[in-house]
Amino acid sequence: MDSFIDFLTVLLPILYIVTFIIYFYDFMKGGKRFTNSKRLFLFITLLVHSIYLFTRTIHFNHPPITNVFEIFTVLAFSVGFSYFILELVTDIRGTGPFIIIIALFFQIISSLFIEDLVEVKEVLRSNLLGIHVVSALIGYSGITISAVYGFLYLVLYKDIKLNKFGLIFNRLPSLEVLEKLSFYSATIGFVLLSIAIIIGIIWLPKAFPDYSYADPKLIGSFLVWILYSIGILNKVFGKWQGKRVILFSILGFVIAILSTTLTNFLASSFHSFY
Amino acid sequence: MNLLAISISHHTAPVELREALYLTNDEIKEVIEGSKGKLFSEGLVISTCNRTEIYGIPVDPKINYQDVQNFILIKKPVPQIHQDNFRNFFSKGAVKHLFRLISGIDSMLIGDNQIYHQVKDSFQFAEVNQFTGFLMRRLFDAAVKTGKRAISETEISEGAVTVSYAAVQLIEKIFSSLNKKSALVIGAGETGEIAAKHLLDRGIGKLAITNRTVERAEKLAESLSKGFLTEKAKIIPFTTFKEYIHEYDIILSATSSENFILTKDDIQSAMKKRSKNAMVLMDIAIPRDIDPEAKKIDNVFCNDIDSLNIIVEQNLAKRKEEIPKVEKIVEEELANFFNWFSSLELAPTIKNLRDFFETIRAEEVDKNKNRFSHEDQEKLEIVTKRIINKILHHPTTELKKFSENNKSTDEAIVKVSIIRELFGMDKQNNPAAAGEEKGGNS
Numbered sequence: 001m002d003s004f005i006d007f008l009t010v011l012l013p014i015l016y017i018v019t020f021i022i023y024f025y026d027f028m029k030g031g032k033r034f035t036n037s038k039r040l041f042l043f044i045t046l047l048v049h050s051i052y053l054f055t056r057t058i059h060f061n062h063p064p065i066t067n068v069f070e071i072f073t074v075l076a077f078s079v080g081f082s083y084f085i086l087e088l089v090t091d092i093r094g095t096g097p098f099i100i101i102i103a104l105f106f107q108i109i110s111s112l113f114i115e116d117l118v119e120v121k122e123v124l125r126s127n128l129l130g131i132h133v134v135s136a137l138i139g140y141s142g143i144t145i146s147a148v149y150g151f152l153y154l155v156l157y158k159d160i161k162l163n164k165f166g167l168i169f170n171r172l173p174s175l176e177v178l179e180k181l182s183f184y185s186a187t188i189g190f191v192l193l194s195i196a197i198i199i200g201i202i203w204l205p206k207a208f209p210d211y212s213y214a215d216p217k218l219i220g221s222f223l224v225w226i227l228y229s230i231g232i233l234n235k236v237f238g239k240w241q242g243k244r245v246i247l248f249s250i251l252g253f254v255i256a257i258l259s260t261t262l263t264n265f266l267a268s269s270f271h272s273f274y
Numbered sequence: 001m002n003l004l005a006i007s008i009s010h011h012t013a014p015v016e017l018r019e020a021l022y023l024t025n026d027e028i029k030e031v032i033e034g035s036k037g038k039l040f041s042e043g044l045v046i047s048t049c050n051r052t053e054i055y056g057i058p059v060d061p062k063i064n065y066q067d068v069q070n071f072i073l074i075k076k077p078v079p080q081i082h083q084d085n086f087r088n089f090f091s092k093g094a095v096k097h098l099f100r101l102i103s104g105i106d107s108m109l110i111g112d113n114q115i116y117h118q119v120k121d122s123f124q125f126a127e128v129n130q131f132t133g134f135l136m137r138r139l140f141d142a143a144v145k146t147g148k149r150a151i152s153e154t155e156i157s158e159g160a161v162t163v164s165y166a167a168v169q170l171i172e173k174i175f176s177s178l179n180k181k182s183a184l185v186i187g188a189g190e191t192g193e194i195a196a197k198h199l200l201d202r203g204i205g206k207l208a209i210t211n212r213t214v215e216r217a218e219k220l221a222e223s224l225s226k227g228f229l230t231e232k233a234k235i236i237p238f239t240t241f242k243e244y245i246h247e248y249d250i251i252l253s254a255t256s257s258e259n260f261i262l263t264k265d266d267i268q269s270a271m272k273k274r275s276k277n278a279m280v281l282m283d284i285a286i287p288r289d290i291d292p293e294a295k296k297i298d299n300v301f302c303n304d305i306d307s308l309n310i311i312v313e314q315n316l317a318k319r320k321e322e323i324p325k326v327e328k329i330v331e332e333e334l335a336n337f338f339n340w341f342s343s344l345e346l347a348p349t350i351k352n353l354r355d356f357f358e359t360i361r362a363e364e365v366d367k368n369k370n371r372f373s374h375e376d377q378e379k380l381e382i383v384t385k386r387i388i389n390k391i392l393h394h395p396t397t398e399l400k401k402f403s404e405n406n407k408s409t410d411e412a413i414v415k416v417s418i419i420r421e422l423f424g425m426d427k428q429n430n431p432a433a434a435g436e437e438k439g440g441n442s
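Residue numbers (the numbering used here), protein chains in the order written: chain A, 1 to 274; chain B, 1 to 442.
Hints are computed from structural coordinates only; laboratory data are not their basis. Keep in mind that this is a model prediction, so the values were computed, not measured. Mixed in with the good hints, there may be bad ones.
To be verified - Quick look at which bits of chain A chain B covers, simulated, 3 or more residues with Cβ under 8 angstroms:
1) 210 to 220
2) 247 to 259
Stated by the list, open to error - Interface residues of chain B toward chain A, partial, derived using beta-carbon atoms under 8 angstroms:
3) His10
4) Lys38
5) Ser176
6) Leu178
7) Gln268
8) Ser269
9) Lys272
10) Ser307
11) Phe357
12) Thr359
13) Glu411
For each residue, glycine too, the CB sits at the ideal point set by N, CA and C.
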């Protein structure tokens, strides 16, 4: 079983690279050659990835959420899977390479450094923790995808303003679609982050008697949550439109990443398990 | 193939001559009536703003291009016209020209698929006026197939190649769907009209027109509502239209005004009123109608003719790159058409027909000969051969008569085609297989 898991650990980045190359080639060249087959490649990659996650969970007797490199592979899957669903629902196929490269990045880091942990802290075996982590990860995937669409929006916005009608102009969907995709991803991300925060608040006193609400990780997460709630409310009530909403979404993502990085690697927090 | 074609187009004649030789439907009808049976047994007349072309199967092999040119110039005299203004095609060249034409690669605007519909309409017109026969119908099918393949298998018709259509393409890069958007067209001239038609064509939700002369705006609104069966476009008085610009997502300006009619301040105040919702300004006027400084406002997209021309040039360059792919399709379909046409020759058909029956006979005899004694097997061979000969005697004699008497090739082609189709001679290279299929079905 160990060798099978090791094989998948090596295979997954390769599959993501191949999928990324096909999506990138299709974006650059256009035409109909890979229009449908690229989706099949992504599906196969995600299928292998789900087998990998399932096998690890069974073999090591805990979900792969106990250290940062396990979380990275779940995050890669979550980003890839969210994009796959988004592509299926909207049938917008021109933005794939920009999202898949993120999944590829997380998977490469994970595959390089992941360890086969059998022994984990008892606190990490809780079901509530599982839901908390999964919803937080999908939430982060949502805001990551939202930021990518936001970034694409800004690039296309700038190109149109500067009369640059090149590859970006020809391949990307309209600004309105990019804005919608960014907003919907942010909203889904926000809802799941809210669930993660609520579960975290319920689970926290049970798991860590010496917890503190002044923990940098909690403050960071709450700040991100406040930021997204302001942006979403303003958009819903029609006060903010277009570029402003997009900039806010990107700002939210940057703060979320900074908050996670700083609290995980620099600050001392009960929230770090590795 | 005895197909003859003459063409006058942008390749050979200036616009005045093309205009002079343009044929209305009534005139095409006259040309058909005048040429049917005298010049051509069947044919086709295509006349658009860029070309007039006549195709036909001559009733007499002596009829040549000059006769057709003279005939058309008698019907529609154009004194300045010269021999060099015509291109003449014959046989394979004529078919190839028709295939290239319907594929859009002979058009002034490369890949313009309007010609595809115009050729189809012309065929239908010829059909209604009983100018089409067996050959022209088959040629029509092959031409339409070529045109369809060119459009679907290549990018020859992709992208906007006119300024007004490029404006719509650009608008669609900003808004996802036009059916929930509103547009205001400033100026009811020809450019404004074309742009308005494009917007309606793409399903714009609400359309308003403003023009210095209200009557002209009303006339345009009337003509647009007729063509597109939509509710009539709203007319806004030119003197007050600035008060309403915030209500529109798209403003398309095409007036002949010497000065800006919309300033940056006008746009800025409109944006405030519409909560900074995106606004697209398409200035397709020369000189410009909208202050280009408006571009600096957030969520305002302001484009003029120069920027739209960049899109047009890029798309034209892309279309030109697709020409070799279309030429390949034309060659393939040309080969298919002439393969079919050569199969209609009499001598090979008679031979194919006899081979077809002989193979079936031989196979059936072979399968069943063991049921007969050795002596009877010989008789079986003789009797079955005699039956086949008797069955084929009449059709063979009839077909031979066509070649001996030099009768109308049309009639021969029709009969040969029917025979080949009935016995599946074009589908089956192997007559034995066709025989088995027949046996299986019976």
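So, going through the hints one by one against the coordinates:
1. 210 to 220: This one is violated; 0 residues, fewer than the three required, reach chain B with a Cβ under 8 angstroms.
2. 247 to 259: Contact hint for the region 247 to 259 of chain A vs chain B: violated, 0 residues under 8 angstroms.
3. His10: violated, 27 angstroms
4. Lys38: Violated: closest Cβ of chain A sits about 49 angstroms from B/Lys38, beyond 8 angstroms.
5. Ser176: With a minimum Cβ separation of about 4 angstroms from chain A (threshold 8 angstroms), the hint on B/Ser176 holds.
6. Leu178: violated, 10 angstroms
7. Gln268: This interface hint is violated because 15 angstroms lies over the 8 angstroms limit.
8. Ser269: Not OK, violated: B/Ser269 not within 8 angstroms of chain A, min 17 angstroms.
9. Lys272: Cβ of B/Lys272 sits 12 angstroms from chain A, so the hint is violated.
10. Ser307: Since chain A brings a Cβ to about 4 angstroms from B/Ser307, closer than 8 angstroms, the hint holds.
11. Phe357: violated, 46 angstroms
12. Thr359: violated, 43 angstroms
13. Glu411: Hint violated; B/Glu411 Cβ to chain A Cβ min 45 angstroms, cut 8 angstroms.
The structure fails hints 1, 2, 3, 4, 6, 7, 8, 9, 11, 12 and 13 (numbered hints given earlier, in ascending order).
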